[in-house]
Every structure is written in structure tokens, then in C-alpha cells.
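*Asks:* These are the residues of each chain, in order.
There are 2 protein chains.
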Amino acid sequence: MRIALDAMGSDRHPEVEVQGAVAALREVDGDFEVVLVGDRARIDAALAAAGAGAVADRISVVHATERIEPGESVSAVRKKKDSSIVVGLGLAKQGEADAFVSAGSTGAVMAASLLMLRPLPGVDRPSVATILPTAGDPIVMLDAGANVDSKPYHLLDWARLGAIYAEDVLQRPNPRIGLLNIGEEPEKGNELAVESYRLLEASGLNFVGNVEGRDIAGGGACDVLVTDGFAGNVLLKFYESVAGLMVKLIRKELAEQKAQVHLDGVFRMLDYTEYGGAPLLGVDGISIICHGGSPPRAITSALRVAVRAYRTGMVADMKRTLSEAHAIGQRAAAGTAGGNA
Amino acid sequence: MRIALDAMGSDRHPEVEVQGAVAALREVDGDFEVVLVGDRARIDAALAAAGAGAVADRISVVHATERIEPGESVSAVRKKKDSSIVVGLGLAKQGEADAFVSAGSTGAVMAASLLMLRPLPGVDRPSVATILPTAGDPIVMLDAGANVDSKPYHLLDWARLGAIYAEDVLQRPNPRIGLLNIGEEPEKGNELAVESYRLLEASGLNFVGNVEGRDIAGGGACDVLVTDGFAGNVLLKFYESVAGLMVKLIRKELAEQKAQVHLDGVFRMLDYTEYGGAPLLGVDGISIICHGGSPPRAITSALRVAVRAYRTGMVADMKRTLSEAHAIGQRAAAGTAGGNA
Numbered sequence: 001m002r003i004a005l006d007a008m009g010s011d012r013h014p015e016v017e018v019q020g021a022v023a024a025l026r027e028v029d030g031d032f033e034v035v036l037v038g039d040r041a042r043i044d045a046a047l048a049a050a051g052a053g054a055v056a057d058r059i060s061v062v063h064a065t066e067r068i069e070p071g072e073s074v075s076a077v078r079k080k081k082d083s084s085i086v087v088g089l090g091l092a093k094q095g096e097a098d099a100f101v102s103a104g105s106t107g108a109v110m111a112a113s114l115l116m117l118r119p120l121p122g123v124d125r126p127s128v129a130t131i132l133p134t135a136g137d138p139i140v141m142l143d144a145g146a147n148v149d150s151k152p153y154h155l156l157d158w159a160r161l162g163a164i165y166a167e168d169v170l171q172r173p174n175p176r177i178g179l180l181n182i183g184e185e186p187e188k189g190n191e192l193a194v195e196s197y198r199l200l201e202a203s204g205l206n207f208v209g210n211v212e213g214r215d216i217a218g219g220g221a222c223d224v225l226v227t228d229g230f231a232g233n234v235l236l237k238f239y240e241s242v243a244g245l246m247v248k249l250i251r252k253e254l255a256e257q258k259a260q261v262h263l264d265g266v267f268r269m270l271d272y273t274e275y276g277g278a279p280l281l282g283v284d285g286i287s288i289i290c291h292g293g294s295p296p297r298a299i300t301s302a303l304r305v306a307v308r309a310y311r312t313g314m315v316a317d318m319k320r321t322l323s324e325a326h327a328i329g330q331r332a333a334a335g336t337a338g339g340n341a
Numbered sequence: 001m002r003i004a005l006d007a008m009g010s011d012r013h014p015e016v017e018v019q020g021a022v023a024a025l026r027e028v029d030g031d032f033e034v035v036l037v038g039d040r041a042r043i044d045a046a047l048a049a050a051g052a053g054a055v056a057d058r059i060s061v062v063h064a065t066e067r068i069e070p071g072e073s074v075s076a077v078r079k080k081k082d083s084s085i086v087v088g089l090g091l092a093k094q095g096e097a098d099a100f101v102s103a104g105s106t107g108a109v110m111a112a113s114l115l116m117l118r119p120l121p122g123v124d125r126p127s128v129a130t131i132l133p134t135a136g137d138p139i140v141m142l143d144a145g146a147n148v149d150s151k152p153y154h155l156l157d158w159a160r161l162g163a164i165y166a167e168d169v170l171q172r173p174n175p176r177i178g179l180l181n182i183g184e185e186p187e188k189g190n191e192l193a194v195e196s197y198r199l200l201e202a203s204g205l206n207f208v209g210n211v212e213g214r215d216i217a218g219g220g221a222c223d224v225l226v227t228d229g230f231a232g233n234v235l236l237k238f239y240e241s242v243a244g245l246m247v248k249l250i251r252k253e254l255a256e257q258k259a260q261v262h263l264d265g266v267f268r269m270l271d272y273t274e275y276g277g278a279p280l281l282g283v284d285g286i287s288i289i290c291h292g293g294s295p296p297r298a299i300t301s302a303l304r305v306a307v308r309a310y311r312t313g314m315v316a317d318m319k320r321t322l323s324e325a326h327a328i329g330q331r332a333a334a335g336t337a338g339g340n341a
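Protein chains in written order, with the numbering used here: chain A, 1 to 341; chain B, 1 to 341.
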């Protein structure tokens, strides 16, 4: 297996990417190689500094002269044909890589993935899935901000995609699907939530009902949480920031009081780098997006996700599930039509 | 000034309400009385236990035979005419009380307030405002869950109402209004956010633009944050739960390690009881809703808010501002019509 890694994406590129890749090749099980995509001279220097050693023969470099900057999005994808994102996704498209990982502009990685890998048949809107850490097992939430003004059938698609991601990559058999809402009862929430509830209930998925904001952090409410990208993105960004803020405040207090306390367990719960990497689900390939501010550890986590997604055949599973769901939908529609005739 | 306090609302009624009232009468500045509404025998027992002492002559009791239970909502308001909520709001309606405070069913308090106090002229949908603690000054957020599928002009109304609440009750001159969104630029977000941005920009309010989920906890982004009740409620419930969970986890760790550390400053930032009480803004009166799980301290905080709202003439300020805004809107509309003729 070969993973194309955008070496120019993060705020501290290419050092972060190179260090993350070297660590992944040492730590992560699975027979895989990493193709670093970007400025060859800078990558080579970072590789020399990182001391790849025994894993050096599993690393290669593909040169790309351009970089899509953090603010840039769709138009940059069309203009910068020799950017690390476009070149890296090109490798995936041409079958020269089995997955793509980038800590570059989220908008650009999404746009380029849609354009170059194409949505899976039957998927109207691919969705960014993210991991929410909890006091129990982490939750997969989607959509994390790729899609707003979504329709109920989008949420249904995302529930199916998220379920396969949870099953294949997180090894959660028969994952429990929750709908983010503002009350427990089926009739609670906005129009989107009420109608999505109805679709999810009839979907054959392991739907456990509405999940409120208060049910998330404690863990255990569900494995996959579906919502429109507006609420999802607000929640995700808030979670990241409040966790970071609290850790900062507490560390400061502990330092001032010269306290000998170990809160690593609590801090780890809040540590996104443990789960770094949000896959774009619903495209015909593996494309994983990391924060621009990612440390090497988050890149390593994203590469681990890519390996698991490939080894478990996640994309093929998604294709099969979606075509089955659509076949059932067509049969149901045909049955209804027959009944009406 | 007299405040009608629903003595039967909280999970541990009437003790919590009685203790909160006694503390408020001792601690909160302002010449006010509290009318406890509910089961007289139980209230009297709680009063005897609380030892009202010097403040006893500022407390009176109005008997009510019924209680609206936490799950109940609109229909209970119509059925239970002698419930503490309906009787208490009746005192406010008849001018026998200047404000109403309850830790009972949020849905019932809202429904009864709308029904009995009536919306202010020009307010289509009154809104529950809540306080979000931050590392800096707390932020007023509305809507906190009363309204979903909102329109842009609802958010504009709430911005006006929230601004007056922030100015009068929180003493923030010229409060900065933010729009909860998933990006910085005006064109970001869903249809509601894009159109609301346009209205807020033209409103004459001190609008500071979009505020993302990540901008909240650190403080300083704005004084008033407006959003639809769906995202608002998800955010609020998540914030409350994640704060509670973290404090619990950290306290447990500290206890296990027998650590002599004082994290009270950090914990206080996350302590909702400091700010207890979410006012329903846009009705013709002062109606403040507390959590069912409120401790006495949260009731005290809510009574403090009621005193400030009354002393500063908050409701009159809202009436004036709304009628001015509508007059300007009508002139603008007339101007436009003239220009088109």
C-alpha cells in the first residue's frame, strides 16, 4: 500500500509531515509506503534532519512546485496544477497511491478530492467525518462543516457512510447511529431533524434516536453522530477550543502552585492529536484532512487511519452498502408504484 | 420591587428556592421582596429550616396547589390553573409582582410567559438568552433553544433584545454583537447566517461580524452572540456537560493523588450557577428560567438578574428600541417605495 502525503500542508511544513511519516512507518502496523509530495529540496532536508534510518526505503518523494495557501480554496485547485494537493490527489486518481493525506487548506482538499476522486455513485454530498473525544469511546461526527443547508437524505447517506467508517476503521461492530438534536422525543428539533429522524428510523441502520449536546462528552450515547454541517462545525470548533483552553488554564494554575499532579489522563481525553485526521467520506478513494496546526503525532494518526481504511476495504464496503440501499429504495418505490397502479 | 419566585420548580423544591431567596435578600443590593409561590405548608417548613431571620419580613407566600412536572409543557399550562407557574406569572401579569423566576419546566415557563405576559409589540418570537462563561467576560447567547427554523429577522430582533439585556443587566455599554457562524467571511455559513449577516450589518447595532465556535471560550469575541435555537441549544447543552464532566474528572484525579491544589479559579469559569437564570427576552415583563437542577446559588443569581432588569428599566428600554427600529424600517420602506415610484 502507498499513501500520498501532502508534505506542504501544515503550518510547519514539511518538517511536521516528514516527522509524522517517519513515526508512522516505525509505529503503525501494516505493510505500507509513504510518498511525500512537495518541494523536493525542502523535503530531503527535513528527511535528513528527521533521521529516517531503517524506514528510509519505504519513503519516496514526488516533486511539486506549488503550494495552496490556507486561505485558498476551489479556484486555487483549478489554477495551481502543480500544487502538492493536486499532484498528490493525482497519484491517488491514477492508482499510483491508495490514499491521500493533507494538513493543507480544508476547502481546497475537499474541492480537489470531489473533482479528482469523484463522489461515489448515489452520494449527493460527500461529508467530512471527525472524531469527538469523550470520557468513553470517541464518537464519529458528520458532517463536520463541509455541507450546510442539508436535506434529510444527506443525513441518511452520512449515517450509512459513518457506520462503515466506524465499523471498518474504528472496529465498532453494528455501530449505533445517533441524530444530534435538541430534545429526546422524535418530534423535537427543527424540520431537518424531524424528517431525518423518520428516515433513520426506517433505514435498517442501528439507529438509537436523538442525542443532545449534553449526551456527547460523557460518552456511550452512540458511535456515529449525524447532523448538518452548521451545527456540526460549531460544535467541533467549540469542543476543540474549550478543551485547549481548559488544559492551558489548568496547566498554568498547576505550574504557579508548583503542584506535583498528573492530569495526563484527563488531558489525553481532550487531545485531538490522538485522533488526527478527518476523512472525506463518500468519494471514490481515501482522502484524509488534518488541521493546519497539526503536530507530527496527528499526521501519524491520520496515516494510521488511511492504512486501516485501505486494509479493511472501506471504500468498497461503502459502494456495496450504497448500491444495496438504493436497490432497496428502488424496489420499495417500485412496490409503492405497483400498489398505486 | 416584588419578585414572584416559583417555589415548586427545581428538582429539590421548595428547599432550594427558599434557601436561594433568603441568600438573595441578604446579599443582593436593592430594595426588593420575594413572594414564594407554591405549597404553603412545605414552603413554611423550608423557611423555618432556612432561618430567614432579619429578612423574614421581606418574604411572603402565595399558595398554589398544583405543580407542573418537568416533562410537561404547553398543555399543562392550560390545564393546571393553580400551578405555581401559572399563579406566579399571574401575579406579574396583574402588577402584583415586577418579575417572575422559576426553575420549573422550561417549556411550561416559556409557554405561560408568552400567553400571560404577551410578546412585546413587533417581536414575532421571544427568545431565551443564556450566559456562556468564558475565560474573559461572559457572553450572552440567544436563542438558547426556544426557537428553531428561525428567520433572519428573528435573529435581528434577538440582537436588539440581547444588546439591551447586556447593556442594562450586565452593564456593557455599546455591546458588541456577533453572529455564530462557521467561517469569518460574510458569505460563509448557511442561508440563515448569510442573510442575517446582511441585516445585522445594516442594523445600526455594534455588529462585529461572524463568531466561530472556536472564538467563544477564550472570551472577548463579542458581548452578545445571536444564532438559531438549534445550534444555540446544542452548543449550550454541550458546554454545560463538557464543563461539568471535566471538573468531575479533574476533581477525581486530584482526590486520588491527594493533591493540595486549588483550581477554584478555573472551576469558577465553568460554573453556571454563577450566572444562573436565563431570561425570556421579548415578552412584556421579566421572566427568568433556571435549570431544574439549580442549587440555591443559581436561584440567588437569577433573583439578582431580576432586580437589575427591573431597576434599569430593561423592558421599557426594549419597547422603545423596538418601536424606534420599526419606525426607521417604515421610513426606509417608504423611502424605497418613493424612489421606485
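Incorrect hints may have been included.
[As the list claims (entries may be wrong)] Derived lysine-lysine pairs resembling DSBU-like cross-links, with alpha carbons at most 35 Å apart:
no., chain 1, residue 1, chain 2, residue 2
1, A, 258, B, 252
2, A, 151, B, 237
3, B, 188, A, 188
4, A, 188, A, 319
5, B, 93, B, 319
6, B, 93, A, 237
Think of the hints as simulated: they come from the structure by calculation, not from any bench. All values reported here derive from a predicted model rather than from experimental measurement.
*Asks:* Decide, hint by hint, whether the structure agrees.
*Replies:* Right, here's what the structure says about each hint:
For a cut-off of 35 Å, the pair hint linking residue 258(A) to residue 252(B) stands: about 19 Å separates their Cα positions. For the proposed pair residue 151(A) and residue 237(B), the alpha carbon gap of about 24 Å is at most 35 Å, so the pair holds. For the suggested pair residue 188(B) and residue 188(A), the alpha carbons sit about 27 Å apart, so the restraint of at most 35 Å is met. Restraint check for residue 188(A) and residue 319(A): satisfied, since their Cα atoms lie roughly 32 Å apart, inside the 35 Å limit.
Restraint check for residue 93(B) and residue 319(B): the C-alpha separation of about 17 Å stays at or below 35 Å, so the hint holds. At roughly 42 Å between alpha-carbon atoms, residue 93(B) and residue 237(A) are farther apart than 35 Å, so this suggested pair is violated.
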